[in-house]
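Asker: All chains, full assembly: derive it from the sequences and hints.
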Amino acid sequence: KAGVTQTPRYLIKTRGQQVTLSCSPISGHRSVSWYQQTPGQGLQFLFEYFSETQRNKGNFPGRFSGRQFSNSRSEMNVSTLELGDSALYLCASASTQNTEAFFGQGTRLTVV
Amino acid sequence: GENVEQHPSTLSVQEGDSAVIKCTYSDSASNYFPWYKQELGKRPQLIIDIRSNVGEKKDQRIAVTLNKTAKHFSLHITETQPEDSAVYFCAAPSPGSSYKLIFGSGTRLLVRP
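Heads up: the protein sequence lines correspond to chains A and B, in order.
In terms of the working numbering, the first sequence opens at residue 1 and continues consecutively.
In terms of the working numbering, the second sequence opens at residue 113 and continues consecutively.
It cannot be assumed that every hint is accurate.
Unchecked claim - Taking lysine-lysine pairs in the DSSO-like style, the calculated list, with each CA pair at most 27 Å apart, reads: (1) A:Lys-13 / B:Lys-170; (2) B:Lys-170 / A:Lys-57; (3) A:Lys-13 / B:Lys-134; (4) A:Lys-57 / B:Lys-169; (5) B:Lys-183 / B:Lys-169; (6) B:Lys-154 / B:Lys-170; (7) B:Lys-149 / B:Lys-134; (8) B:Lys-169 / B:Lys-154.
No wet-lab data here; the hints were simulated from the structure.
Answerer: Spelled out as C-alpha cells, the structure:
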C-alpha cells in the first residue's frame with residue numbers, strides 16, 4: 001500500500017508570504033501529525049489531527065495552522081513567513097496510539 | 113513538562129564494534145518507546161520499538177532495553193556496519209488522547225570501515 005505522501009517536496013518563499021503544505025496519510029490511518037525538523041532544534045511537534053479535529057498543538061505561534069479533511073488528508077499553513085521558518089516539514093500518519101508512526105519524505109521550505 | 117533527553121549527540125565506532133545510545137524521559141505515564149533511523153536526505157523510519165510491559169526487545173543486531181524505574185531506555189547495535197551510519201532518534205509519546213511524539217535531539221552515528 002502507498003506510503004505517506006507530502007507535496008511539494010521543495011519550496012522557496014519570500015519573507016511575509018504564506019505557504020500551504022499537503023500530506024496524504026496511509027490509507028486507513030486517521031491520525032496525522034506534523035513536525036518541524038531543523039539542525040538546531042531537531043524534530044519539534046507542530047500539531048496532530050484525528051478525524052478532522054486538532055487534538056494537540058505544539059509550542060508554535062499562531063502563524064502555524066492546519067486542518068484535516070474527511071479523507072484524512074491534511075494541510076498545514078504558515079502565514080507571514082519568517083527566515084526562521086526555513087526547515088524540513090514532516091508529516092506522519094498512524095492508525096492508533098502507541099503504534100508505528102510512518103513519516104512522509106517531507107517538504108523542504110526555504111524562506112529568503 | 114514533557115522532555116526526552118538523548119546522549120551522545122555524536123558517536124563514532126569502528127565497523128564491527130557495538131554502539132549504544134541512551135535516552136531518558138520525564139513522564140512516568142509514557143508506555144511506548146520507538147527508535148527511528150534517519151539517513152541523509154531521507155525520512156525517519158522506525159527500526160524498533162518497545163512497550164512498557166517489556167524490559168528488552170531484540171531484532172537481529174538491534175536491541176532496546178527499558179528501565180521504567182529510572183525512566184530511561186537504550187538502543188544497542190551490535191556488529192555495526194557502514195550502512196548503520198545515520199542519525200538515530202528516540203521518542204516517547206505524550207500521554208493523552210492524541211498521538212504526539214516527543215523526540216530526543218538525535219545521535220549522529222558514524223561507522224568507520
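Asker: Against this structure, judge whether each hint is valid.
Answerer: Here is what the structure says about each hint:
1. A:Lys-13 / B:Lys-170: 45 Å, violated
2. B:Lys-170 / A:Lys-57: 34 Å, violated
3. A:Lys-13 / B:Lys-134: Status violated; Cα separation ~38 Å.
4. A:Lys-57 / B:Lys-169: 32 Å, violated
5. B:Lys-183 / B:Lys-169: Holds: B:Lys-183 and B:Lys-169 sit about 16 Å apart, inside 27 Å.
6. B:Lys-154 / B:Lys-170: 24 Å, holds
7. B:Lys-149 / B:Lys-134: Roughly 14 Å separates the two Cα atoms, so the pair holds.
8. B:Lys-169 / B:Lys-154: 26 Å, holds
Going down the numbered hints, you'll see the structure goes against 1, 2, 3 and 4, while the others check out.
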